[in-house]
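Chains as they are written, first to last, in this note's numbering: chain A, 1 to 230; chain B, 1 to 240; chain C, 1 to 252.
Bear in mind the hints are in silico, worked out from the structure with no lab data behind them.
Where is the CB? At the ideal position from N, CA and C, for every residue including glycine.
Be aware that a few hints might be false.
[Stated by the list, open to error] Partial selection, computed: residues in chain B whose CB lies under 8 angstroms from chain A:
no.: 1; residue: Phe138
no.: 2; residue: Ala142
no.: 3; residue: Val145
no.: 4; residue: Val146
no.: 5; residue: Ala149
no.: 6; residue: Val150
no.: 7; residue: Met155
no.: 8; residue: Phe159
no.: 9; residue: Val162
no.: 10; residue: Leu166
no.: 11; residue: Leu169
no.: 12; residue: Leu170
no.: 13; residue: Leu176
no.: 14; residue: Leu180
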Amino acid sequence: MSGNPPGTLAAAWLIARKDLAIEFRSRTAFLSALVFAVLALCIFYFAWDESIIAPADRAPGVLWVVVAFSGLLGLQRSFSIEEHDRGIDALLVAPTSRESIYLGKAIGNFVFLCAVQAVTLPALVLFYNLSVGEPLLGVAAIMVLATIGIVAVGTLFSAMAVNTRMAELLLPMVSLPFFVPVLLNAAQATTRILGGRPAAEAWPWLRIIIAFDIVFVVACTMAFPYTLEE
Amino acid sequence: MTAAPPVAAPSAATPAAPRAVFDWFFALAGLGVVAIYVRAIYFTPIEATQGAAQKIYYLHVPAALAAYIAVSLTALMSIVYLWLHDERADRLADASAEVGLVFLTVVLATGPLWGHKIWGAWWAWWDMRLTLTLFLWFVVAAYLVVRGAVEDAAMRARFSAVLGILGALLIPFIHLSVYLFQARLHPMPIVLKPGEPSLPGEMLTTFLLAFLAFAVLCLAFIGVRYRVGVLRDLAAEAIA
Amino acid sequence: MLSTSGSLVVEASGLCRTFGRRRAVDGVDLSLVAGESLALFGPNGAGKTTLLKLIAGLLAPTSGTVCVMGRALRSESSSRASIGLISHQSMLYRALTSLENVEFAARLYGLESPRAAAMTALDRMRVADRARTPVRALSRGLQQRVAIARSIVHQPALLLLDEPYTGLDAAGAAALTDMLRDVRRAHATLVLVTHNVDEGLAVASRAAIMLDGRFARQDDCAALDASAYRAAYRSMIVGETPPPEWTMPVSA
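Start from the sequences and build out the full structure, keeping to the hints where you can.
Structure (C-alpha cells):
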C-alpha cells in the first residue's frame with residue numbers, strides 16, 4: 001500500500017499529539033508538576049517577612065524559580081515513555097526524520113509546560129496579591145517566549161539523560177546552567193512589567209530571550225540525532 | 001612531578017602502553033610557576049592601595065587565563081570529534097575539561113579572598129570575569145558528570161561533544177545577560193579587557209610572566225591527564 | 001510499495017558492527033530479491049538481532065554497506081516507508097489503546113484511511129476485539145499481536161521479524177503464520193529470526209545459520225530435509241559435531 005509520509009512539521013505534530021494523549025490518560029506528571037508549582041509558590045511566600053519585602057516585589061523572582069523547577073518535572077517524562085518499550089525504535093524505523101522526532105517532543109513539552117504555567121500565573125496573582133490587569137498579559141507573553149528556550153534545551157537533554165544512570169539527577173544539573181540566561185532575563189523583564197514600567201524597558205531583556213530561543217532551537221535540532229543510539 | 005607510572009608488560013590481547021618517561025615539560029612548567037611566585041612575593045613591589053593582598057592577583061587572573069585555554073580546547077575538540085570521530089579528540093576534550101575545572105575552582109576560590117580584602121564584599125557580582133567563571137564552572141561540572149554517567153564509550157563521546165558545543169554557545173548569552181544586569185548599576189568593562197588599573201613596569205612584567213607560566217602549566221597538566229586517559233582506555237579494553 | 005520481482009531488496013556487503021571490542025556482526029554478505037524469505041537461525045549472541053537492526057537502519061555499520069531497495073536507510077527517511085520491524089520490545093505505548101497505537105503508526109506512514117487500516121491490521125492478527133483496550137491491560141501474547149499488527153499496517157515490502165513467535169499462544173501463532181503466508185503471496189520479502197526451526201522452514205524460501213557474527217551456512221529450503229536440518233542444527237547449537245555434510249560451506 002503506498003502512503004504519503006507526512007513532512008517534518010506534520011510528523012512532529014503527530015508525535016506531539018501522541019505524547020499529549022499519553023499524558024492526558026494518566027495526568028500524573030501534569031498534576032505533580034502543578035501541585036509542586038503551587039506549593040512552591042506558597043512556601044516561598046513564607047520565606048520572607050512581608051513587612052520587609054512586599055509580596056508583589058518578590059513575585060517575579062519566585063515565579064521564575066518555580067517555572068524552572070516545575071518545568072524540569074515535565075521534561076523528565078518526555079523520553080522516558082519512549083524508553084519503556086523502545087517506542088523510539090518504531091519512530092526511527094518509520095519514514096520520520098530525526099528532526100521531526102525532536103520537534104514533536106519539544107512541542108509536546110511546550111504545551112505541557114504552558115499548561116502548568118496557565119495555573120501557576122493565576123496562583124501567583126492569588127497568593128501574592130497582584131493586581132489583575134494588562135501587565136499580566138505581558139507576563140504571559142514573557143512566559144511563552146521563555147518556555148520556548150527552556151523546552152528547546154530541556155528536550156535535548158532529556159533525550160540524553162534517558163540513556164544514562166541517574167537520569168533524574170542528571171537532567172536538572174545539565175539543564176539549569178542553560179536555563180540561566182532565560183530565567184535571568186525573564187525575571188528582569190517581569191519585574192519591569194509588573195512594576196508598571198513601559199514595555200520598552202523590558203525590551204532589552206526580551207531581545208536576549210528571543211535570540212536564545214532562535215539559536216538554541218536550531219542548535220538543539222541539529223544536535224538531536226547525536227543523542228540517539230547508533 | 002613524576003611521569004606516568006610504569007605499566008605491566010603488554011600481553012597478546014592489549015597493545016603496548018606508552019613507555020614511562022620523565023615528563024620534562026611538566027617539570028619545566030612546575031619550576032616556572034615556582035619561579036614566578038618567588039618573583040611575585042619577594043621581588044615585585046607591594047601595591048600602594050591594596051597592600052600585600054594584591055599579590056593574589058598573580059594567581060587569580062593567570063588561573064583564569066589557564067581555565068579559558070583549557071575550556072576553549074574542550075569546545076574545539078568537541079567540534080573536531082563530531083567532525084572526525086577520532087577518539088583522541090574526545091580524550092583531549094575530557095582532559096582539558098578536568099584541568100579547566102581545577103583552574104576555574106582556583107579562580108572562584110581566590111576571587112572572594114581578594115574581594116573581601118579590598119572591597120569588603122565576599123562576592124562581587126559586578127565583576128564580569130568572576131560571574132562568568134562561576135557559570136562556566138557549572139557547565140564544565142555538568143560536562144564531567146555526564147561523562148561519568150554514560151557507560152558506552154561512543155555514546156559518551158557523542159554526548160560530551162554535543163554538550164561541549166552547546167556550552168560554548170551558552171557562554172556569550174550568559175555574558176550578555178549578566179552584563180545587561182549589572183550595567184544598569186555599575187558600568188564595568190567587559191571580561192576581555194583587563195579591568196584592573198594599568199600596572200607599572202615591574203608588576204606588569206611579573207603579571208605577564210605569570211600568564212606565561214600558567215599557560216604552560218595548563219598545557220602540562222592537560223598532557224599528563226591525557227596520558228591518564230589513554231591508560232584508562234587501555235585498561236577498560238583489557239577488561240572488556 | 002512493492003518492488004518488481006527479481007530486483008534486489010536487501011543487499012549487504014562485508015557488513016560489520018562492533019560494540020567496543022565485541023564484533024557482533026563480522027562480515028556478512030547477503031542478497032535478497034523481492035519475494036524471497038530468509039529464515040535466520042543461530043544461538044543467542046550470534047548477532048542476529050544486530051543484523052536485523054543494521055538492515056532496518058537502527059544501527060550504523062562499523063564497516064561494509066547495507067542497502068534496502070538500493071538506498072541506505074539511515075540517511076534517507078522516505079525509503080523507510082516500505083519496511084516493517086518486529087523486535088524484542090513491543091515498541092508500543094502502554095497508556096494508549098491497541099487501536100491508537102496502530103493508528104499512530106498508520107498516520108506516521110501517511111496512509112489514506114489510518115483508522116480503517118489500523119482495524120484491518122488488528123483484524124489480521126485476530127486482536128480487533130481488543131481495539132479499545134489500553135495496551136497496559138493486555139497480556140504479553142496479546143501485546144505481541146498488537147505489536148505485529150503495528151508493524152504491518154502499512155503493508156511493507158520488506159518485513160524484518162525478530163523472534164515474533166515469542167509469547168504467542170497457539171491462536172496467535174496461527175494468526176502470525178497466516179499473515180506471513182499472505183505477505184509471501186503478496187511478493188513481499190521477509191527476514192525471520194527464530195529459534196523454532198519448524199516455524200522458520202514453514203515460511204521461508206532460504207535458511208541461514210548465524211554463528212559468531214557471520215553466516216555459517218545458507219541453504220535453499222526447497223533442497224532441505226526438514227527433520228535432518230533440525231537435528232543437525234540442534235547438535236550445532238548444543239556444541240556437538242554436526243554430520244560431515246554439514247560442514248561443507250554453501251554459497252548463497
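For each hint, the structure was consulted:
1. A least Cβ separation of about 4 angstroms between Phe138(B) and chain A falls short of the 8 angstroms threshold, and the interface hint therefore holds.
2. Given hint, Ala142(B) at the interface with chain A, holds; its Cβ is 4 angstroms from that chain's nearest Cβ, closer than 8 angstroms.
3. Restraint check, Val145(B) versus chain A: the minimum CB separation of about 6 angstroms is within 8 angstroms; hint holds.
4. Interface restraint check: Val146(B) against chain A, minimum CB-CB distance 6 angstroms, threshold 8 angstroms, status holds.
5. Because the smallest distance between the Cβ of Ala149(B) and any Cβ of chain A comes to about 4 angstroms, under 8 angstroms, the interface hint for this residue holds.
6. Evaluation of the Val150(B) hint against chain A yields a held restraint, the C-beta minimum of about 5 angstroms falling below 8 angstroms.
7. The interface hint given for Met155(B) holds, since its Cβ lies 6 angstroms from the closest Cβ of chain A, which is under the 8 angstroms cut-off.
8. At a threshold of 8 angstroms, the smallest CB-CB gap from Phe159(B) to chain A is about 5 angstroms, leaving the interface hint in force.
9. Hint status for Val162(B): holds, given a least beta-carbon distance of 5 angstroms to chain A, under 8 angstroms.
10. The beta carbon of Leu166(B) is positioned within 8 angstroms of a beta carbon in chain A (closest approach about 6 angstroms), and the interface hint is therefore held.
11. With 8 angstroms as the threshold, the beta carbon of Leu169(B) comes within range of chain A, its nearest partner Cβ sitting at about 6 angstroms, so the hint holds.
12. Taking 8 angstroms as the C-beta cut-off, the interface hint given for Leu170(B) holds, the closest approach to chain A being about 6 angstroms.
13. Checking Leu176(B) against chain A: minimum C-beta separation of about 6 angstroms stays under 8 angstroms; hint holds.
14. Given hint, Leu180(B) at the interface with chain A, holds; its Cβ is 6 angstroms from that chain's nearest Cβ, closer than 8 angstroms.
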